[in-house]
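2 protein chains.
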Amino acid sequence: MNNQNFIQLSHGGGGLETNQLIQQLFFRYFGNDILNRNEDAATLSFSGQVAMTTDSFTVSPLFFTGGNIGTLAIAGTCNDLAMVGAKPQYLSCSFMIEEGLPYSELENVVSAMSETMKQTESLIVCGDTKVVPKGAVDKLFINTTGVGEIQQANISAHQIQSGDVILVSRDIGRHGACILAARESLRLEQPIASDCAVLWPVVEALLEQKVELHAMRDATRGGLAAVLNEWCQSSGVQMELQESSIPVDDSVRGLCELFGFEPYDLANEGSFVLAVPESHAEKTLKVLHQFHPEAALIGQVSSGTTHRPILHSPWGSRRYLDFPAGELLPRIC
Amino acid sequence: MNNQNFIQLSHGGGGLETNQLIQQLFFRYFGNDILNRNEDAATLSFSGQVAMTTDSFTVSPLFFTGGNIGTLAIAGTCNDLAMVGAKPQYLSCSFMIEEGLPYSELENVVSAMSETMKQTESLIVCGDTKVVPKGAVDKLFINTTGVGEIQQANISAHQIQSGDVILVSRDIGRHGACILAARESLRLEQPIASDCAVLWPVVEALLEQKVELHAMRDATRGGLAAVLNEWCQSSGVQMELQESSIPVDDSVRGLCELFGFEPYDLANEGSFVLAVPESHAEKTLKVLHQFHPEAALIGQVSSGTTHRPILHSPWGSRRYLDFPAGELLPRIC
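Those protein sequence lines, which keep their order, are chains A and B.
For what it's worth, UniProt numbering labels the leading residue of the first sequence as 1, then goes sequentially.
For what it's worth, UniProt numbering labels the leading residue of the second sequence as 1, then goes sequentially.
The hints are simulated quantities; they were obtained by calculation from the structure and are not laboratory data.
Among the hints, a few may not be true.
One copy or two, it doesn't matter: identical chains are merged, so the pair holds either way.
Dumping the calculated SDA-like pairs for lysine to any residue here, alpha-carbon to alpha-carbon at most 25 angstroms [stated by the list, open to error]:
#1 K283 to I22
#2 K87 to R37
#3 K210 to R28
#4 K118 to L25
#5 K283 to F46
#6 K139 to V287
#7 K87 to E208
#8 K286 to A182
#9 K210 to L9
#10 K134 to L297
#11 K87 to L35
#12 K210 to L62
#13 K87 to I150
#14 K286 to G260
The structure presented is a predicted model; accordingly, all values stated were derived computationally and were not measured.
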């Protein structure tokens, strides 16, 4: 970088400096045979059906307890593939950078992305870099788009059946709570770490154990509440959920009480929801517990006809778990 | 949109309003069987090798003579696929929207994208929507990532050989000049229209005529100068270019003189450069002329060893066509 310590407009101009940034930063951390060919488009080979997904990341702050925008960009896109039973294989990566971003911050993000990718054996095969004048974007946005071969077909929000059990892979609400705490500059005794993680290893273990997966979804924006509402609509089913079975860490619950949020509405970035036949409940939990002791069975699909999830309190009362609405926390991912 | 005339943070929250925006705007214009399944990832089938490419678009202003950020996003990504001989088939599309963007502007962009896609038979199969608070992004950024089956292999910046001829598909510099004029609020007698266009129909015609394509590249950021320099480096060749043969419209030339730019450095969004064997020159030009009368043979690959492109003036003088450097026009695409 020739002692230039800040990203400049010329790094995105498509000329000499862009070339240097690509070679000296992106290729150094992401380099592989496909990317290094440096063509207009990467060349890939597939056998079987392929899943494709895209996500742009605009999180603020860029760095938070448990991760940063880069780990989020890799995990988020890999997880969307894993949720349809696809192995994350190839990613594109596009950086939109504000002029003046410290080079060291960009390098920290890129290096974290490279580390996170190792958990999936995925490769970045093509990329794009834009630098915009000061004020045109807040520091850094990243888009990652991923493709990968589907290892088990028909895992879908439309496949949920009456009698299926609903599980979560770990305690919920951590990512939303972590960003909220960072945004409000809260000094907590124990900082809340984001759950940001790549879920492919868990999904791979579930596939190896031949768990009959009807549906999986990572509970990102909109949290558990959005996933369950979408599932009820897509599959035309009703769900009965035991509020006391839904794992929420005390620190997350405390923050929710302080700010008037429900943990079910908070974003997650390394927690997912599953629907499997009741007969596979035990096997599923056993696999999930290998990764997180907080994994839990939280409810069951019923034959009711409201097509909404219903929360049952420990005291016998019932209420709808509503679709999150209104201004949720912006720039969470 | 319930009479809400501006995009609000809630449209990106992942809850009810996000769902409504997706259904009522994106699915209405982009809808197809794959997208409408609304899963975490789209399911695709391929036979043969697949090309993948990504681009983020940050152009300012959003609307310009001859196109807008949406037409650019579709053309740009489809063109990168076409340049490696791949048919643009499936696109992802991610919107990063500033709170307060008029809904009508977003709809105009989305509707233009839908129109542009018709020229390629490509489909948007997955998407993402982020809304960020005022000031965190300037109006609207779009990422499109594309995949498609490769129809002819080995079209590559590494395949250029001594003796190959270099052609351009039409006059160059229009997109850069158009944005420059818009940015400077120039009142030209005849506004300069961007060349923004989908190149797949031209490439398909070249493939049908069995033109032996060694390399193709759309001359976007960095313009013709960047492409030719990269080609010389990648293939280890030298090029002799006839300056008088390079087609530049008078309006573009005039603007360049006014602002001290070289037309070779200006971005294009619907013009590409080709390297083919000399024996295929005539056939290539014949196809190109069906689409643009300004298409021209501009030079030839020589056995020289400098690995740089050399411009020959009509008066017999020679100079290197340098890699563009420094702060070129930002937010051109």
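Against the structure, the hints:
1. K283 to I22: neither (46 angstroms within a copy, 37 angstroms between copies)
2. K87 to R37: Both: 24 angstroms inside a copy, 20 angstroms across copies.
3. K210 to R28: So K210 and R28 fail the 25 angstroms test inside a copy (39 angstroms) and across (38 angstroms) alike.
4. K118 to L25: within (18 angstroms within a copy, 38 angstroms between copies)
5. K283 to F46: neither (31 angstroms within a copy, 34 angstroms between copies)
6. K139 to V287: Close neither inside one copy (40 angstroms) nor across copies (45 angstroms); limit 25 angstroms.
7. K87 to E208: within (13 angstroms within a copy, 36 angstroms between copies)
8. K286 to A182: neither (34 angstroms within a copy, 62 angstroms between copies)
9. K210 to L9: Cα proximity of K210 and L9: none, with 51 angstroms in one copy and 41 angstroms across.
10. K134 to L297: neither (48 angstroms within a copy, 41 angstroms between copies)
11. K87 to L35: Intra 19 angstroms, inter 20 angstroms, cutoff 25 angstroms: intra and inter.
12. K210 to L62: Answer is neither; intra-copy 38 angstroms and inter-copy 50 angstroms both fail.
13. K87 to I150: both (6 angstroms within a copy, 22 angstroms between copies)
14. K286 to G260: Neither way: K286 and G260 sit 34 angstroms apart in one copy and 69 angstroms across, limit 25 angstroms.
The structure shown violates the earlier hints numbered 1, 3, 5, 6, 8, 9, 10, 12, 14.
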